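Student: Residues per chain, in single letters:
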Amino acid sequence: MMNKSFNLVMGTTLLVMAMGSAYAADKNVQIKAKVVGTCDFVDANDVVIDFGTLTPGGGDQTKSASTSFWCSNGVDYTVSLDNGLTPDGGGKRQMLLSGGTATDVIGYTLTPDKTSGTATGQSTPISLTLDAGVKGTDYQDAKIGDYNDTVILTVDLAP
Amino acid sequence: MRIWLCLALLLVGPARADTRGMPVTASVPGSCKFSNADDVVLDFGTLVPGQGVRQVSQPVAFTCSTGTQYTVTMDLGRYPDGQQRRMRGDSGGYIPYALSAAPTSGSGQGELTPISLVLTASVEAAAYVDSPIGSYNDNVVLTVSP
Numbered sequence: 001m002m003n004k005s006f007n008l009v010m011g012t013t014l015l016v017m018a019m020g021s022a023y024a025a026d027k028n029v030q031i032k033a034k035v036v037g038t039c040d041f042v043d044a045n046d047v048v049i050d051f052g053t054l055t056p057g058g059g060d061q062t063k064s065a066s067t068s069f070w071c072s073n074g075v076d077y078t079v080s081l082d083n084g085l086t087p088d089g090g091g092k093r094q095m096l097l098s099g100g101t102a103t104d105v106i107g108y109t110l111t112p113d114k115t116s117g118t119a120t121g122q123s124t125p126i127s128l129t130l131d132a133g134v135k136g137t138d139y140q141d142a143k144i145g146d147y148n149d150t151v152i153l154t155v156d157l158a159p
Numbered sequence: 160m161r162i163w164l165c166l167a168l169l170l171v172g173p174a175r176a177d178t179r180g181m182p183v184t185a186s187v188p189g190s191c192k193f194s195n196a197d198d199v200v201l202d203f204g205t206l207v208p209g210q211g212v213r214q215v216s217q218p219v220a221f222t223c224s225t226g227t228q229y230t231v232t233m234d235l236g237r238y239p240d241g242q243q244r245r246m247r248g249d250s251g252g253y254i255p256y257a258l259s260a261a262p263t264s265g266s267g268q269g270e271l272t273p274i275s276l277v278l279t280a281s282v283e284a285a286a287y288v289d290s291p292i293g294s295y296n297d298n299v300v301l302t303v304s305p
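Chains as they are written, first to last, in the working numbering: chain B, 1 to 159; chain G, 160 to 305.
Just so you know, the hints here were simulated from the structure itself, not pulled from any lab data. As the structure is a prediction and not an experimental result, all values here were calculated from the model. One thing to keep in mind: the hints can contain errors.
What the hints assert, rightly or not - Distance condition first, Cα-Cα at most 20 Å in a straight line; then the derived DMTMM-like pairs of lysine to aspartate or glutamate:
hint, chain 1, residue 1, chain 2, residue 2
1, B, 32, G, 202
2, B, 114, B, 156
3, B, 34, G, 202
4, B, 143, B, 60
5, B, 32, G, 270
6, B, 32, G, 283
7, B, 34, G, 198
8, B, 34, G, 283
9, B, 32, G, 249
10, B, 92, G, 198
11, B, 32, G, 234
12, B, 135, B, 149
13, B, 32, G, 198
14, B, 143, B, 156
15, B, 135, B, 60
16, B, 34, G, 249
17, B, 143, G, 283
18, B, 34, G, 289
19, G, 192, B, 60
Using the sequences and the hints given, assemble the complete structure.
Tutor: The structure is reproduced here in structure tokens:
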């Protein structure tokens, strides 16, 4: 009995000592993210294209203005413009006389210098120039006053 | 006969007490273990370039033997740049991130008292503004040592 008891205790002690201090625990930590495509303008300011003073008989006039946007690295983008607030029946953009009726308009054209492309990230803004034009014939009979229109410019991920 | 028997018992008694009291104490090692075997997942979800700093946290529970001083360590993951941990994207790009654990050391209170460890990962705004779109990941080994 005495020897058995002693051996059991000694055996347990040796077992514990043999296992030492290797009782650390490991676990995997997964870190994940998904970067998605986006586009945004560099600033929130409106783009203003002002023909200034139009004098009937002054002929065709053009004006342009620029803005910048960026899209996620590697995505394709598209640039689009709507037809403004007061287009004619054929979708042609027109400026409306302030305080005037629906027929007091001056037609104009508006064209972006690029309509699609591939972006390389926020650090590489893309410059976009909008060219606007009015024909002399579009304002030769226009009433005097202030004309304006608002067009929405959209930069989006290509489908 | 009765007298001899008593003497024998007296002799045996102290001897057994000695052998039982001899070993143990000093060499009982502390141990630590996690409360489950699941990976800890720190998912930033959708990163939209331009959205700014992002941070995610996850708790993980472990136990250590009562009185055991533990330390928490993490390796640098699979794609470190020096000491900077990074996620790797399926397009080959990298996004650096920070990873921390709290607490990083302490004293165990036994298997019935789990210790909650909070892991926090964060990415700076500048870390992903120009990152190619796609999925990014890394794997870090978290170790709790007595």
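Student: Find the hints from earlier in the document that the structure breaks and name them by number, from lowest to highest.
Tutor: As far as the earlier hints go, 5, 10, 14, 17, 19 are violated by this structure, in ascending order.
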